[in-house]
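Colleague: Model the full structure from these sequences, guided by the hints.
Protein chains: 2
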Amino acid sequence: MSEPLNFQSIIMTLQDFWAKQGCLIWQPYYTQVGAGTMNPATFLRVLGPEPWNVGYVEPSIRPDDGRYGENPNRMQMHYQFQVILKPDPGNPQELYLKSLQALGIDPRQHDIRFVEDNWESPALGAWGLGWEVWLDGQEITQYTYFQQAGGLILDPVSVEITYGLERIAIALQGVSSFRDIQWSPTLTDGDINIQAEQEHSKYYFEIADVERLRQMYDLFEAEAKACLDRGLVLPAHDYVLKCSHTFNVLDTRGAIGVTERQALFGRMREVSRRVAEAYLDQRQRLEFPFLSESNGEAQVLKGQRPAAPGVSRPEANANATAPLLVEIGTEELPAGDLEAALEQLRARLPRLLEELRLAHAELYILGTPRRLLIHVEALAAMQTDLEQVIKGPPAKRAFGPDGAPTPAAEGFARSKGLALSDLQVREMDGGRYVVAVVRQVGRAALNVLAEALPGLIAGLRFEKSMRWNSSNVPFSRPIRWLLAIFGAGETCQVVPFEYAGMASGDTTRGLRFRQPEEQTIRSPQEYYEFLAGQGIVLDPQRRRAGISNQIERLAAEIEGVIPEDPDLLAEVTNLVEAPTALRGTFDPHHLKLPREVLISVMKKHQRYFPVLSAGGSGEEMLPYFIAVRNGDGQGLEVVTDGNEHVIRARFADADFFVREDLKQPLEDYLPRLDTLTFQTKLGSMLDKSRRIMRLVDDLASRIGLGEAGRKVALRAAELCKADLATKMVVEMTSLQGQMGRYYALQSGETSEVAQAIFEHYLPRFAGDQIPGSRPGLVVGLADRLDSLVGLFAADLAPSGNKDPFAQRRAALGLVQILIGMDLEFDLRLALSLAGMHLPIAASQESQQAVFEFIVERLRNVLLERGARYDAVEAVLAAQANNPAGAARAVEPLEAWIARPDWHTILPAFARCVRITREFRQRFPVDEGRFAEPSEQALFQALTTAEAMDRAAGSVDDFLSAFLTMIPAINQFFEDVLVMAEDERLRHNRLGVLQRIAALAEDVADLSRLEGF
Amino acid sequence: MSEPLNFQSIIMTLQDFWAKQGCLIWQPYYTQVGAGTMNPATFLRVLGPEPWNVGYVEPSIRPDDGRYGENPNRMQMHYQFQVILKPDPGNPQELYLKSLQALGIDPRQHDIRFVEDNWESPALGAWGLGWEVWLDGQEITQYTYFQQAGGLILDPVSVEITYGLERIAIALQGVSSFRDIQWSPTLTDGDINIQAEQEHSKYYFEIADVERLRQMYDLFEAEAKACLDRGLVLPAHDYVLKCSHTFNVLDTRGAIGVTERQALFGRMREVSRRVAEAYLDQRQRLEFPFLSESNGEAQVLKGQRPAAPGVSRPEANANATAPLLVEIGTEELPAGDLEAALEQLRARLPRLLEELRLAHAELYILGTPRRLLIHVEALAAMQTDLEQVIKGPPAKRAFGPDGAPTPAAEGFARSKGLALSDLQVREMDGGRYVVAVVRQVGRAALNVLAEALPGLIAGLRFEKSMRWNSSNVPFSRPIRWLLAIFGAGETCQVVPFEYAGMASGDTTRGLRFRQPEEQTIRSPQEYYEFLAGQGIVLDPQRRRAGISNQIERLAAEIEGVIPEDPDLLAEVTNLVEAPTALRGTFDPHHLKLPREVLISVMKKHQRYFPVLSAGGSGEEMLPYFIAVRNGDGQGLEVVTDGNEHVIRARFADADFFVREDLKQPLEDYLPRLDTLTFQTKLGSMLDKSRRIMRLVDDLASRIGLGEAGRKVALRAAELCKADLATKMVVEMTSLQGQMGRYYALQSGETSEVAQAIFEHYLPRFAGDQIPGSRPGLVVGLADRLDSLVGLFAADLAPSGNKDPFAQRRAALGLVQILIGMDLEFDLRLALSLAGMHLPIAASQESQQAVFEFIVERLRNVLLERGARYDAVEAVLAAQANNPAGAARAVEPLEAWIARPDWHTILPAFARCVRITREFRQRFPVDEGRFAEPSEQALFQALTTAEAMDRAAGSVDDFLSAFLTMIPAINQFFEDVLVMAEDERLRHNRLGVLQRIAALAEDVADLSRLEGF
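Going down the list, the sequences are from chains A and B.
Numbering follows numbering that gives the first Met the number 0, with no gaps: position 455 of the first sequence is 454.
Numbering follows numbering that gives the first Met the number 0, with no gaps: position 36 of the second sequence is 35.
Hints may contain errors.
[Unchecked claim] The list that follows gives simulated cross-link-like pairs (lysine to any residue, SDA-like), each with its CA atoms no further than 25 Å apart:
no.	chain 1	residue 1	chain 2	residue 2
1	B	K602	B	T732
2	B	K662	A	R229
3	A	K19	B	Q26
[Unchecked claim] So, partial list: chain A residues that the calculated Cβ filter (under 10 Å) puts toward chain B:
no.	residue
4	I60
5	S183
6	Q197
7	Q214
8	A221
9	L231
10	L279
11	Q281
12	Q283
13	L285
14	E353
15	E354
16	L362
In case anyone wonders, no lab produced these hints; they're calculated from the structure.
Small disclaimer: the values here were computed from a predicted structure and weren't measured.
Cβ atoms here follow ideal geometry from the backbone N, Cα and C, with glycine treated the same way.
Modeller: Encoded structure:
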């Protein structure tokens, strides 16, 4: 390579490259868009059946990414080069990688990776699955298989390749910031664009007038609709884009709350859907002109794999065995999908072989992101035979007294294709029957496998699947080759089948960019040797262990340790085929950033392992990170440099946020909360935090908080949402609460207040910790109660799968906290208190609905602990209003149910309940009216039980007390006719039984139990 | 040439070409712009001293050009390729022409022309001078030297080259419509863009919501200002662009009237100016970074002409003569400027040579659009000597009685550097004086010319001049070479001088694309032969005659004639160096279009000669046109094809308009007039036409219109503005009235009404016809009266040079009609009638101001006819209220003034006037009080004169009557003391004189005459 390409030459080279691949070269769109996807050359052309191949530059505006020109690679405007290939040409990854080579990127000197990154545009009703492409840790391209746009399923699927041109230029030119990118021979990107970065950032963050922008949004939307009403697609789409940009600016101004965001997305999505439908109608009316015009044209794109030639299938020796090797070659599988696929194969393959009656020795299920491998040792070449005994008529009907076959026997034999002489008589089912013994002779494994393997692959399930070609088969990611050989060397045969438009064959592929990339395989031995030669570690366990060793060694070299993080290790293991770890450094100055920020950035964004100091508290971070590349040590310095550049930019970004945020104390962010809408009817986030304060005030004493604690809680409530207005949290929402705590401490708040701010979000996810302090607890309760009661009152209860405000999580958190802290709590009272602070009325019905919604979560929590369904129901019927109590009650109840004498306890109680159940009236008991001694005795036992010291809601106390009465109860029912003619007697007896039944009140409704 | 380039390859080729010329390759802007000029890469970067060379595509949106995809080359969106070269590289035209060759355009096979087309953006406060570049009659490029942007003078000037890519592709690919342009190997422009053309056209013309767009405009403007208030340049500029696009859409919807347009332009210009100033400030604060960075970089662009090497200057022989040849080589001069330059040279050169004391034989001043030639035969090689006689003291003071010189003589001699003996005594100025005779010896012509020629060139004046390089010298168009040789052959010398950054030399250039393009010239003979060899006709008269012959011959071949049109012929003559006429045809079907449309399109847009049938009425048009190319016959078919394509598109466009317009009767356009604002305070054009109707009603009887005529006038008034809402008139405003007449006839109106609609605009320009019918006249009067009275009442009287509503023309027209039709008219009454219909009050002051404004025009009209100033004043003082009367009166008055006895007439009248002038009171005359016979006689003469039959306002009648009284007047003043002691006598005599003075009332105020 001579001089690296300048920026404009990169663009011209890509135009030229893709033009030669048959793409139409198009131009940027004439209105501000966040991405080339929004250009109608993508958004509309991906719809419908017509082929479309296009490439174009798109200056992409993302107000939120404005950094005043200070970040090395984050800008309010960046340049994309967008490519759409429709339909999938069969080898889009290879084409893409060739384009990188055309730009002068030598792949052997770099680490090029496809890292799962799915894409969704809520505004456009569009989504797709794919990857970020990483060049030395830097995302340089977004590569997506479009599945849906404008709410419409795409068929065929389009491949979208979106290059981030500045990122590529930075890597190519070896500069450290977009400002230094050589744009032309004489000018840099900074020379021509820095002013725009500074000014637009300032405009978007500080100046754009919220009121005016809202008006613009409405006007644009109205025009879009007016256009649609008249059937105009493109003008409507233009206005959708204007809405979208205006929304982005409003968002950057911090003017859009969570709920308003949903509403606006909904509005945009709706119009986008109409646009998409109208476009499709239009093309249909035109009879999809590109279908005919460029028939086969799209297929000119190379790489469509020809079907494998027919393979001869010699008869197999009945006792012979041979190894089976099946490799499903894919584009890079997401880590989770790889895991899932391997698990499913491990579970299903043995079952499948058994069903197929194929004997075998050892099974191996291995895999990397690019391949799933099945290796069966010594697989029988033939199925075992199958003998089936089919029952016919009874022997006495089949043969006459003379032993001669009757017409019944003849018919049966004929129907089974047997001679009469083949029929046998057997004892079965308690009689003697004529049977036909049908023998199914085993078929050749080759044929059986050829039939069965497609089903095995098709049976794999993933969290999200995609389609990519005309087969419309769904899979985690596109399947690009299928290796399936049976036997080894001379006897090796291809197991011939087709799946997802691919024919099986006997070639595999090596590590990308290693030579040779393709290889014919004639035996497992050859296969393993070839992959090993490529540095590929097929076995995930070995891969993990290898990575673990490497990273620990690299950490040890600098006296560091890697904190335990099995999830991260597992993910990284599934991201590479040939792992080589590398250690990079970053400016120690960044260590001043909050630890959570550093770790979040390293892990979430980059899948790097952070390094802690081996000495000291073990909490001190070192200015290093460890990354794992895919490939060997070649060019490792370049790769390391690249990764260091990335983390530098990432930390610079975080640093920018935190520095900006610290310019004022946390308290000063409160006014900004007023611009964040929580929900239209419920006001801003500021309104919400004020309500939280009032509710905290109501609840504090009720949960036993003293004056000091109450003050902490009130201050924490006041500040609990303030960090939502800080830049760092706007950027990484997952840091909410953590940043609140950090900023609170930096702002001079007490550590209790800071902690409570953090804790009020707990638990954030399943298995997360719960608040450790009462102030944190009460703020968390108040927050959730306010959300739930408010949203229900605003008629926004979750329905079906829709839960945009995460109310399920809120209710669940509420329940988990109460249970976790074993806190007595009057849920109905709390709900009604919350309702009183709302700006809208919370009706009885809505309060009841919230209550039931929360109880539903409580029910799930209890059931998920493994409790008996009926026990849970019994407890909830009585104690749902106090979740902690309910939780406490279930286990004891189950213990009672498990008692051997339960069959005497429950019926005794049941008799008392059943007979009284129909009466709503409570009958007073008059001791003077007892007619029988057993009445008297029962009443005695009752008053004794009633007098016992019982903890509220305690199942044990209740049942222990009841237990003492059982003999008296049984005697009573033996001696006494409760429903006596004499009304006074009757009522008196019912009164006693009612008081017995009442013992269970607020404990459990035993009538819900099985056996009641 | 193999396959012609497809559209995307054209773009990529241009990117590549200009990148190689050192241009930065930039991208289209992210908001809708009407042209690449609006991209900040042009609008801002052309400001200030920094070099900037850039090239980029710009999809340019012009809502008004939407044709629903039906026009071959007019679209709401077309693609520009924009190039900016700053500073001027010295050879931008050559670079441009090379880029066309890179695209595969063989210039020898085509007619490539630079046709004057100056550019102005009222919204951006920008203008420049330059050309349309024509390829076979088709405008393919706009080529401009930017002089000003954002209201700021540009220094250095930028060269802007704007390619119209579709036009180029159409020519290159030989297709007939943008729809057929091959965009990529498989898809056409139509395939991918037709839907956009149809839909956006529909949106812009039919659907865009005027109210919402107005709101958007205001919001955008407010944001722009908010940005500027905070010092942000680029975000403000973005919003200016959004304003501009929104304005264009509103305009296309027909929602913007003439006056509102001015107001909106003013608003946008103001913001643009602020943007430009803020940008410049910003760059200044940054110390103009590109100045240092790319020092000399801009100069890499080739073609800067080195200064000519020094030329030796041998002493010339005193009596020798030699030919002088000076050629100023330029980029293509506008036709008018060429004419003007030749005229000025013809006038000045002889004077200059005389001043320089250079004798010469014949002078030739010749020229073509690319060269101005001075050829002087036998120019003296040396100046003639100069003898100056300088007057000293009187001889008697210079020499004593003894004849010895006095100190006065000595001092005089010393001061002139002479010896005493050199002094002479001469008779002069009526005395004898000492004189010094000073002799200035002639210098070599070469030196004198070298000093004088720059001044000669600098003295040339043009209607508009431009600067182009760092010399900042203004000229009509850039000067690119200076040939200046004196002598021929062996003795030929370059006259060495520099001008406008160019050094003179001895080379000329031939016709573009002919070989050789450059040629050394050593004599006039060589020069003429070289140019003749190139086909260049230097002499404009010969060129004109040649063209005339060619076009007549071509017309005769198809039995046609060319209608006389000296202006067109003169213009075409000045557009070419080597004229070759060609005849093209068009679809006879277009002959159905109104004749005015056909001719306007041919002449105004294309400078084609229309062809009339030689037989018949001489009015019948033939489906042919004749164009004149620059060059010889090579490729003439291609050139003809190209021109035919152009006229086809032009006519298709006109046809589109007319067809669209005829879809409804003219009357139905009236409601649309309500959306055309005439002026905010004065309402819409519909309001205006209703006022015109009412005023016509008022005026009809007053100008003697009968009932039938009145009805015609009222109907015409109602419809007179309707055509403003038609597409054809929106497109070519100059057709207003003409289209009105045409559409009226097509809509079934009577021919009288149609004619009146047309005539109400008459006269449209100096020398135009005036209305031929009374209805046309009265509508025209009413229209103008309403405009004038209304605009003055709205405080919008013209001031200084500003006359945005063309009120001067309106007033002038009013006067011209009244005079032209010799119509008695009470102007004040008419003004007050007009005032009564206005929606706002027309105060006395404003009425008076209008009156004076009109009278001012009347004065000019009368003066321009050559009338005496005092006669005009005298008449206007009495008859301004009736312009026709005033006009009638002036000439007779002048005739009287010219009479030999005028010196007796005027004083007689003056005596009567002067003595009575101070009395405001009118004294009654009592015959009984006459004290003297001459009083009685005068009174007798007076009553006789008063009784004479006089036409109103007639000067002749008045003065003829007065003439009879003169003897009596003279006698009276001899005999009578007017100012008698006796008051009654005095008053009686004054009364008589007052009645004499009163004879002039409503005729002329003779006191305004010289000699009064």
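Colleague: Determine for every hint whether it applies to the structure shown.
Modeller: Consistency of the hints with the structure:
1. Taking the CA atoms of B/K602 and B/T732, the gap is near 15 Å; set against the 25 Å cutoff, the hint holds.
2. Only pairs whose Cα atoms come within 25 Å are accepted, and B/K662 paired with A/R229 is accepted, the gap being roughly 21 Å.
3. Distance restraint check for A/K19 and B/Q26: the Cα-Cα separation of roughly 21 Å lies within the 25 Å cut-off, and the hinted pair is therefore satisfied.
4. Annotation: interface hint on A/I60 holds; nearest CB of chain B at approximately 6 Å, less than 10 Å.
5. Hint status for A/S183 relative to chain B: holds, with the closest Cβ pair at about 4 Å, below 10 Å.
6. Among the interface hints, the one on A/Q197 holds; its C-beta lies about 9 Å from the nearest C-beta in chain B, closer than the 10 Å criterion.
7. The beta carbon of A/Q214 comes within 6 Å of a beta carbon in chain B, closer than 10 Å, and the hint placing it at the interface holds.
8. Of the supplied interface hints, the one on A/A221 holds, with its beta-carbon coming within about 6 Å of a beta-carbon of chain B, less than 10 Å.
9. A hinted interface residue such as A/L231 counts as satisfied when its beta carbon comes closer than 10 Å to some beta carbon of chain B; here the least separation is about 5 Å, so the hint holds.
10. A hinted interface residue such as A/L279 counts as satisfied when its beta carbon comes closer than 10 Å to some beta carbon of chain B; here the least separation is about 13 Å, so the hint is violated.
11. Evaluation of the A/Q281 hint against chain B yields a held restraint, the C-beta minimum of about 7 Å falling below 10 Å.
12. Annotation: interface hint on A/Q283 violated; nearest CB of chain B at approximately 13 Å, more than 10 Å.
13. This hint holds: A/L285 has a C-beta 8 Å from the nearest C-beta of chain B, less than the 10 Å allowed.
14. Checking A/E353 against chain B: minimum C-beta separation of about 54 Å lies over 10 Å; hint violated.
15. Violation of the interface hint for A/E354 is found here, the shortest Cβ-Cβ separation to chain B being roughly 50 Å, above the 10 Å cut-off.
16. A least Cβ separation of about 50 Å between A/L362 and chain B goes past the 10 Å threshold, and the interface hint is therefore violated.
Violated hints for the displayed structure, listed by number in ascending order: 10, 12, 14, 15 and 16.
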